[in-house]
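Construct the complete structure from the given sequences, taking the supplied hints into account.
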Amino acid sequence: MSLTGVIGGILTVGGVLFLLLGTLGLLRFPDVYTRLHAQPKADNIGLGMICLGLGVYSGSLSLTLKLLLVWLLMLVATAVGAGLIARAALRRGIRPWGL
Amino acid sequence: MTLYLLLAVALLIIGLHGLFVCAQLMRKILALNVLTTAVFLLLVVLAQAAEVLDPVPHAMVLTGIVVTVSTTAVALGLMVRLLERRGGPVSGRDRDSRNS
Amino acid sequence: MGAPGLAFDGILGAALLWTAWQAIHAAGLFRAVVSFMVFGLLMALAWVRLEAPDIALAEAAIGAGITGALLLSALGRLDWEAGRATDECLRGRDRAFWVPTGLLLLAGLGGAAWLLPAPGLGEPVAAELGRSGVENPVTAVLLNFRAWDTLLEIAILLLGVVALWSLGPTPWPSSPELVSPALPMLGRVLFPAFVLVSAYLLWRGSHAPGGAFPAGAVMGAGGVLMLMAGARPWLSGDVHGPWRWALALGMVAMLGVAFAVMTGGHGFFEYPVELAGRLILLLELAAGLSIALLLFALYLGGEPPADWETRRPA
Amino acid sequence: MNITLATALVAGLPLTAAAVAFAHPRVGRMAALGTGLLLLPVLAVLVLEALRTGPWRHNLGGWTAPLGIGWQVDALALTLLALTTLVALAAAVYRVAEGRLTRDSRYRRYFWPLWLFLWGGLNALFLSADLFNLYVILEMVSLAAVALIAAAGGPALAAAWRYFLATLLGSTLYLLGVALLYGQYGALDVSLLSGRAEEELVTLAAAVMITLGLLLKGAIFPLHFWLPPAHGRAHAAVSAVLSAVVVTAAFYLLLRLWFGPFAGMLPGLPAQLLGLLGAAAVLWGGVLALLQRHLKMVIAYSTVSQLGFALLVFPLAAADALPDQAHAGMLMLLLAHGLAKGSLFLAAGCLAWQWGSDHLRRIGPPMAGGSLPAWIAIALAAASLVGLPPSGGFVAKWWLLESALAARAWPWAAVIVLGTFITAGYLWRILRDPLRATSVDSAVVPAQGPPLPIPLAMPWAALLLALAAIASGLFATALRSAFAAGGLAG
Numbered sequence: 009m010s011l012t013g014v015i016g017g018i019l020t021v022g023g024v025l026f027l028l029l030g031t032l033g034l035l036r037f038p039d040v041y042t043r044l045h046a047q048p049k050a051d052n053i054g055l056g057m058i059c060l061g062l063g064v065y066s067g068s069l070s071l072t073l074k075l076l077l078v079w080l081l082m083l084v085a086t087a088v089g090a091g092l093i094a095r096a097a098l099r100r101g102i103r104p105w106g107l
Numbered sequence: 002m003t004l005y006l007l008l009a010v011a012l013l014i015i016g017l018h019g020l021f022v023c024a025q026l027m028r029k030i031l032a033l034n035v036l037t038t039a040v041f042l043l044l045v046v047l048a049q050a051a052e053v054l055d056p057v058p059h060a061m062v063l064t065g066i067v068v069t070v071s072t073t074a075v076a077l078g079l080m081v082r083l084l085e086r087r088g089g090p091v092s093g094r095d096r097d098s099r100n101s
Numbered sequence: 003m004g005a006p007g008l009a010f011d012g013i014l015g016a017a018l019l020w021t022a023w024q025a026i027h028a029a030g031l032f033r034a035v036v037s038f039m040v041f042g043l044l045m046a047l048a049w050v051r052l053e054a055p056d057i058a059l060a061e062a063a064i065g066a067g068i069t070g071a072l073l074l075s076a077l078g079r080l081d082w083e084a085g086r087a088t089d090e091c092l093r094g095r096d097r098a099f100w101v102p103t104g105l106l107l108l109a110g111l112g113g114a115a116w117l118l119p120a121p122g123l124g125e126p127v128a129a130e131l132g133r134s135g136v137e138n139p140v141t142a143v144l145l146n147f148r149a150w151d152t153l154l155e156i157a158i159l160l161l162g163v164v165a166l167w168s169l170g171p172t173p174w175p176s177s178p179e180l181v182s183p184a185l186p187m188l189g190r191v192l193f194p195a196f197v198l199v200s201a202y203l204l205w206r207g208s209h210a211p212g213g214a215f216p217a218g219a220v221m222g223a224g225g226v227l228m229l230m231a232g233a234r235p236w237l238s239g240d241v242h243g244p245w246r247w248a249l250a251l252g253m254v255a256m257l258g259v260a261f262a263v264m265t266g267g268h269g270f271f272e273y274p275v276e277l278a279g280r281l282i283l284l285l286e287l288a289a290g291l292s293i294a295l296l297l298f299a300l301y302l303g304g305e306p307p308a309d310w311e312t313r314r315p316a
Numbered sequence: 104m105n106i107t108l109a110t111a112l113v114a115g116l117p118l119t120a121a122a123v124a125f126a127h128p129r130v131g132r133m134a135a136l137g138t139g140l141l142l143l144p145v146l147a148v149l150v151l152e153a154l155r156t157g158p159w160r161h162n163l164g165g166w167t168a169p170l171g172i173g174w175q176v177d178a179l180a181l182t183l184l185a186l187t188t189l190v191a192l193a194a195a196v197y198r199v200a201e202g203r204l205t206r207d208s209r210y211r212r213y214f215w216p217l218w219l220f221l222w223g224g225l226n227a228l229f230l231s232a233d234l235f236n237l238y239v240i241l242e243m244v245s246l247a248a249v250a251l252i253a254a255a256g257g258p259a260l261a262a263a264w265r266y267f268l269a270t271l272l273g274s275t276l277y278l279l280g281v282a283l284l285y286g287q288y289g290a291l292d293v294s295l296l297s298g299r300a301e302e303e304l305v306t307l308a309a310a311v312m313i314t315l316g317l318l319l320k321g322a323i324f325p326l327h328f329w330l331p332p333a334h335g336r337a338h339a340a341v342s343a344v345l346s347a348v349v350v351t352a353a354f355y356l357l358l359r360l361w362f363g364p365f366a367g368m369l370p371g372l373p374a375q376l377l378g379l380l381g382a383a384a385v386l387w388g389g390v391l392a393l394l395q396r397h398l399k400m401v402i403a404y405s406t407v408s409q410l411g412f413a414l415l416v417f418p419l420a421a422a423d424a425l426p427d428q429a430h431a432g433m434l435m436l437l438l439a440h441g442l443a444k445g446s447l448f449l450a451a452g453c454l455a456w457q458w459g460s461d462h463l464r465r466i467g468p469p470m471a472g473g474s475l476p477a478w479i480a481i482a483l484a485a486a487s488l489v490g491l492p493p494s495g496g497f498v499a500k501w502w503l504l505e506s507a508l509a510a511r512a513w514p515w516a517a518v519i520v521l522g523t524f525i526t527a528g529y530l531w532r533i534l535r536d537p538l539r540a541t542s543v544d545s546a547v548v549p550a551q552g553p554p555l556p557i558p559l560a561m562p563w564a565a566l567l568l569a570l571a572a573i574a575s576g577l578f579a580t581a582l583r584s585a586f587a588a589g590g591l592a593g
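Chains as they are written, first to last, in the numbering used here: chain A, 9 to 107; chain B, 2 to 101; chain C, 3 to 316; chain D, 104 to 593.
Incorrect hints may have been included.
25 Å max Cα-Cα, derived DMTMM-like pairs, lysine to aspartate or glutamate [as the list claims (entries may be wrong)]:
hint, chain 1, residue 1, chain 2, residue 2
1, A, K74, C, E53
2, A, K74, C, E137
3, A, K49, A, D39
These aren't lab readings, by the way, just hints derived from the structure by calculation.
Below is the structure:
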């Protein structure tokens with residue numbers, strides 16, 4: 009296996025691990041705010057690593073750039089989405105866990 | 002292949018069952034959509050089963066998806082008007098979504 | 003395909019079945035609708051697995067995106083009390099009927115479908131592709147071989163808008179209360195991206211998966227997002243406005259081309275071979291633009307007022 | 104005129120007019136009336152061509168069958184196209200005149216585009232020979248019909264909703280059948296499938312699915328539950344087209360398929376089953392029509408009953424004694440029923456306007472206040488629906504009866520005769536009370552005040568359709584030979 013293949017593989021598997029951890033947080037944490045703390049952040053890193061890994065694996069520059077563009081859009085969308093969920097929850101009077 | 006074929010038939014049954022068993026109008030719309038998707042799935046499985054990948058069912062399903070979004074939109078509009086008529090003025094928020 | 007592929011398909015199939023079941027039987031309409039949206043997204047994956055990237059694009063944009071937005075906005079307008087009167091499904095009823103019927107259907111239809119030889123039309127399409135004016139077989143079928151279907155399909159979208167508008171005025175405010183300043187920002191940042199992606203998909207359509215329908219759907223979804231972010235819809239119900247013509251553009255352009263080629267002694271929709279590529283591009287542009295507007299108009303859920311400013315709450 | 108152009112105009116003209124009527128609501132009326140007036144000569148050209156050269160086929164886009172979509176022009180298609188044009192034009196005239204009585208501006212703005220979409224869809228349907236294209240068209244027709252029913256508002260919304268669910272389920276079942284056929288034979292074209300189809304399991308499953316879907320769309324017993332409220336509560340002009348043509352369209356597809364790709368499977372059980380459904384529809388629909396209290400509901404149930412007669416063509420044509428006679432009788436029935444039914448609904452609409460209700464006991468006597476033309480229309484249309492000579496209805500039932508007698512199919516013959524008596528019964532009920540009342544004062548339940556004046560064009564539209572129903576019987580021999588020239592059995 010070539011060097012790009014190995015690096016791409018490692019990045020992708022690492023990304024999947026981050027996604028798994030994020031999902032674990034989603035399942036295990038007690039309320040909406042702590043879940044938001046765990047999942048979007050882990051997902052952003054995980055998706056970034058997968059995109060980068062796939063780009064390296066493909067060995068094509070244009071494809072890598074496209075994948076990074078996907079990642080960038082997802083970053084913006086996830087950030088805004090998480091903020092919206094948190095604000096909506098606050099407005100509905102859901103109190104953070106432990107308060 | 003076989004897997005997706007079985008999936009199509011199973012979705013067909015879920016859709017049919019939901020359409021007849023659910024009393025709520027919104028769920029009937031969802032059930033009809035599941036039913037239609039099942040038929041589309043069958044068509045695309047057939048396209049893949051052919052010796053040369055067959056683009057005609059793909060075009061048919063694309064057409065079908067656009068037709069379905071149009072009918073779904075009209076069905077939803079009709080449903081909202083019907084329920085407004087039945088249940089008096091609309092209060093706005095759906096309390097259901099608050100709990101879940 | 004191999005074992006990993008099969009495992010993936012198995013998990014995907016199970017998830018599809020589960021979300022479909024939840025869409026119909028989950029407690030609470032909100033859960034049902036969200037399950038249905040997840041179902042649509044997963045279907046997009048299934049289409050990719052079945053080598054139908056064109057459908058995957060359309061499903062992601064229309065099936066999950068626009069339909070989801072339509073369902074949620076209808077849910078927001080539903081009176082909860084009116085909805086509750088006939089709430090859950092009649093659980094457990096008629097099981098004696100449905101279990102055997104379901105198994106029978108599963109065996110019968112599954113068996114029938116299994117027996118299908120599926121000859122397909124891949125070869126004739128490939129043989130005529132050279133004369134169609136485009137290189138992507140799906141686009142060739144949609145806009146040349148079966149262009150009449152596509153014309154009727156755009157007509158149905160327009161008809162859907164007419165039908166919906168005939169039912170009553172659009173509800174206002176059509177967007178939920180703004181809870182975050184980030185959403186309008188997102189709309190502003192993303193809209194150019196939506197336009198860019200649509201143009202890219204449209205251009206790709208002639209030689210690769212893409213084309214007018216995914217492009218129009220992405221653009222329409224962008225418009226819906228702008229509306230959710232609190233933008234003022236510029237599409238007005240004004241009888242004299244140009245918007246009505248813009249909505250009808252796709253259908254009028256297709257009818258126009260279908261009849262115009264007849265002046266050269268050709269049949270209905272029979273493009274001259276040397277002009278086919280350019281005519282199809284023209285139709286894709288018109289159709290894509292009008293599909294975007296039509297999907298947006300469907301989302302409005304009723305006839306927009308002639309002048310939005312007067313409806314705007316202070 | 105160029106035949107290809109004429110064929111294309113039949114489907115393309117109403118759709119173009121629909122787009123224009125949407126973009127410019129002011130021209131809606133003109134667009135609808137203009138479409139009707141232009142289609143008449145266009146259809147005449149097509150009919151003359153069919154008489155000269157027999158049925159023909161047009162390949163859209165120049166692509167032949169498995170790849171492209173085809174249009175099939177023959178006696179069946181042309182008869183139904185002519186019916187559609189006549190009824191839609193008369194109903195449009197009625198609606199234009201009625202428009203002076205109403206003020207609802209939204210209804211005005213969107214009525215004509217919806218109307219023209221429905222019209223274009225129906226025309227496209229009767230031309231098309233491609234099963235998937237027909238699916239798209241069926242959706243279009245349903246959508247336009249639902250919106251037109253819902254436009255009446257109030258209780259019509261619930262009726263429109265039920266119709267919508269039924270018709271969407273019907274379309275999906277139909278598409279499932281089409282998918283199975285495509286997987287089996289790799290073709291969507293009706294004539295191509297007719298050549299390839301064999302009698303085996305998959306084709307049978309497809310036939311069952313398609314037939315179920317179409318029975319649902321055509322409101323054929325026992326799947327007729329949605330029709331009476333939908334047709335009874337819609338506006339009169341809409342009910343006229345729905346009852347005369349839209350349900351007929353689903354029946355038309357049954358004909359195309361069972362005498363086309365599924366013809367090999369028809370003799371035996373399928374034909375007998377379809378015939379039994381028809382007989383049940385004739386009797387059940389007729390009995391329910393007898394029990395209605397509202398004029399439009401009587402007429403709506405009568406649609407369920409009358410379409411049952413047409414279903415008898417399956418056992419009669421499969422019986423192989425006088426199949427052509429059965430086909431001609433069925434075709435004549437569709438034509439005469441459509442014309443008479445359109446006339447009845449329009450006339451009922453006139454009376455409902457004049458007396459403020461279509462309750463049978465609130466409608467005043469014929470001589471009072473200018474409702475005479477509407478009553479004449481009802482009487483003439485009723486004569487044709489019952490089957491009094493020399494109307495079209497008489498000829499239709501006579502031909503069906505002849506073919507039943509020739510096949511020694513006594514039960515079917517009995518159904519035809521019995522159904523005719525029931526039809527006479529409920530139509531007599533419509534006429535009885537008003538005829539007994541000789542003046543406004545002696546109406547059984549006095550109406551509030553004298554009848555409202557309405558524009559004369561409204562009853563005249565009904566009257567012209569009724570006259571056409573009678574006239575179709577007078578020209579029966581000419582029509583019979585025209586059917587034969589146009590390739591009767593499709």
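Checklist line | Structure versus earlier hints, numbers of those that do not hold, lowest first | finding: none
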